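Colleague: Residue numbers (this note's numbering), protein chains in the order written: chain A, 1 to 398; chain B, 1001 to 1289.
Simulated from the structure, these hints should not be mistaken for lab results.
Where hints are given, some of them may not hold.
What the hints assert, rightly or not - Below, in silico cross-link-like pairs of lysine-lysine (DSS-like), each with a Cα-Cα straight-line distance of 25 Å or less:
#1 K1108/B <-> K11/A
#2 K160/A <-> K7/A
#3 K1129/B <-> K7/A
#4 K1121/B <-> K1106/B
#5 K11/A <-> K1110/B
Model, not experiment: these values are computed from the prediction.
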Amino acid sequence: MFFTLLKYEFKKLFKKKSVWITVIISALCIPVSLLLNLTFYGVTIDTVRGSLSGRYLAVLKADIEQDRELSGRPIDDDFLTVLQEAEKVSEIGKSYDKNSPEYIKYIRAYDEANSYVFVMNGYGDTDGMTAETLYRTRAEYMEDEWDYYLLDEGAKQYLKALDDKNVKPFTYRYCSAYRVINQGISMGGILLVFAAAICIPGIFIEDKRTRTDRIVYSSKHGKTLVYGAKTTAAALFLMADFLLVAVMSVIISAPFYGFEGFDAPVQMIDPMLAMNFTCGETVLILAGMGIAEAVILSVICMIISELTSSGKPVIVTMFLMLSAGSMVTVEPTHKILIRLWDILPSQIAFDDSAFSVNLFRCFGKYFFAYQAAPVIYLAVSAVLVWVGYTHYKRYQTK
Amino acid sequence: MELKIDRVTKNYGSKIACDRLSITLGKGVYGLLGANGAGKTTLMRMMCGILNPTSGTVSYDGIDVSREEYRDILGYLPQDFGYYPEFTAQDFMMYIAALKGIPKSKAKAKTAELLETVSLKNEAKKKIKTFSGGMKQRLGIAQALLNDPKILVLDEPTAGLDPKERVRFRNIISRMGADRIILLSTHIVSDIEHIADTILVMKNGQLIHEGSLDEIIEVIKGKVWECTVPQKIADEFTVKYPIINTRNAGDEIFLRLVCDEKPCETAVNAEATLEDLYLYYFSEEEKGE
C-alpha cells in the first residue's frame, strides 16, 4: 500500500505546472550552459577581421588534441621543457591566418597543460621551472594552506601521509570530461536548492490548503503511511532531479570530451588535493554528495512546510542557504562554523567543499567533508523526520 | 457494535463548541439537527479523529478514535472539503481507496460500483475540475462508502444535491443503516425526517433531545398553530413567535407558527412536524445569523 500511496504522491506532484517547469529547467540547464561555454570557448576577439565563426569548436578540438598528445607523460623536467618551448614558439602562431589550424595549434601552446602546471606551481610563474622546484612549491603551497586553515598537527600529518602515497612525478592524463561533469554536478547541487524550494512544500501543504486534509487524515493510513509516502516522494523527486542534471552532464559532455581519464589520479583535476582516488571516483563521490544533498534538502523543506503550513518560509530558508554558501566566507578561526559551511547542503556537491582540507575529527580519526556529510545528514534527517512525524500525526483540521 | 462518546468537550479559547456531550450509538441512522454553530461539525470531526477533544473520549467497541483500527472502519464525508482538481473521479476514488488500505483489485471493483451508485459512472474518466457542485458532492459520498464503513459520518451530505439526487441518496443511506452506525447532519429537515431512526438535537454544544421522530415531535405537540389574520396582526406575530410558514390569503395573511398558547381566537391546532420543532428551537439562532 505504501508504494501505491507513493505513486499517488508523485501523481499529485506532477499535476503541477511549476514542477514540470523545474524539471525542464534542470534538464536543459547543463546543455545550455555547456553550449554557451563552447560558444565562447577560446574566443579572442578579432577586431581586424571581425569574424569569429567556426573558431570555438576548433579551439576546443586543438586543446583536446594537445592534451591527449601529452597524456601518459610524467610531469618531469622533459615535460616542462616541452611546455616552455611551446610557449616560446607561440609567437609564431600569430603570423598565421586566424582561421587556420596552424594559428590555433601554435597560439594555444598546450594551454590546458600550461594552466595545470601554473596551478600546481601555486599560481606562480612557470618560466624556467624545473620538476624539483615544481613539486617542492606544490608541497609548500599545500602546507601553507593547512597553516592558513589552522589545522592541527594530526590533520596535517594525515593529509601529508595521504599525499605521500601519491606517485611522483605525476603522470599527466587527459581527463577534461571529468572536470566538466564535476562542474555539472556542482550546478546540479545548486539547482536542487531551487527545485526543493519550488516543488517540495506543495507535497506537505497542498492537502491543508485544498481542504483534502479532512478525508486524508480520517482515513486508515492518513496519519501514518501517507507521511512516509510524502517524505519518500520528496526525497526521491529531488534525487531524480539531481540525477537528471548529472546524467545530462555526462550525455552532453561525452561527444566533445569522451570518457578518457576515469582512472587518472584526482590530482589531474586539482593538483593541490592530497587524496588517493581517481577522477572517475571524484565524479561518483560528488554524485553521492548530490544525492545526500537531495535527502537533507527534502527533509528540511518537509519540516519547515509541516511546522508552518506554508511554502514561503521554505523559499526564504533556501534563499538564505544559497546566499550564505556562496557569498559568506568564514574565517579559519571559526573552526566549527567553517566546517559547517563546507557541509552546507547547497555547497556539498562542490569539490571545494567536499574535498576541503578542513577535516572533521571523530574518535581520533580524520574525515573529509564528503565522508562526514552523509553521516551528519543522515542523523539530522532521522531527527527531523521523527519531529515531522510527531507533528504530522497530531495535526488537527481547522 | 457501539460507538461511545463520553463527556466530550471542545473549547476554542473561551468558546465552548461541545459541552460534556455523552451518547452511545448503536446500529441505525442518526440525524443530527442543530443551527449553525450548534457544534455539529465539531462533534463529527472529533468522531472522525481529525479534531482532538479538549476532554472526553470517543471509542468504538473499546477502540479509541485515535487508532488506525478505528479509522479503518470509518467513512467520512466532511462538510467543507476539497478535491484534487486534476484527478479524474476514478483516480480520486482509487487514491482514497489506497488511503483506506483497500487492495487495488478490490478498489477498482468497488470504485466502479460506487460511481454507478452515485450516477457518476459515465464521468469516471473526467477531471474533477469539470464537475458541478452536485457531482462533487456525489463523489464525496462515494468515497465515504469505499471501505464499507461500520461508522459512517456524513456532514451535510445532501448540500448541493437536486431533489431527485436527494431521494436517491436517502434510499442508499436507509438501506445501509441496517448493519452500521450512520450519523448525518443536515439543514434539510425533511431528509432527516425520512431516513433517521433516531434524531439528535444539538444546541450550544449540548445534546438537548434524543429520540425517534415521534418522541422528538412530542415536545411541540399542541404548540403548532395555523391562523389567517390581517397584515397588522401578522406583523406582530412575526416578531413575537417563530413563524414556520406564511402566505397571502386574499386581504389577509395565512400563518403557521409555534407558540405555547393559542395565539388568537381563530387559530387552530395543527399536526407538528420536525421542521416545526427545528424552528421552535432555532429560530432565534437563525435570526441572529
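Colleague: Name the hints, by number, that the structure is in violation of.
Modeller: 2
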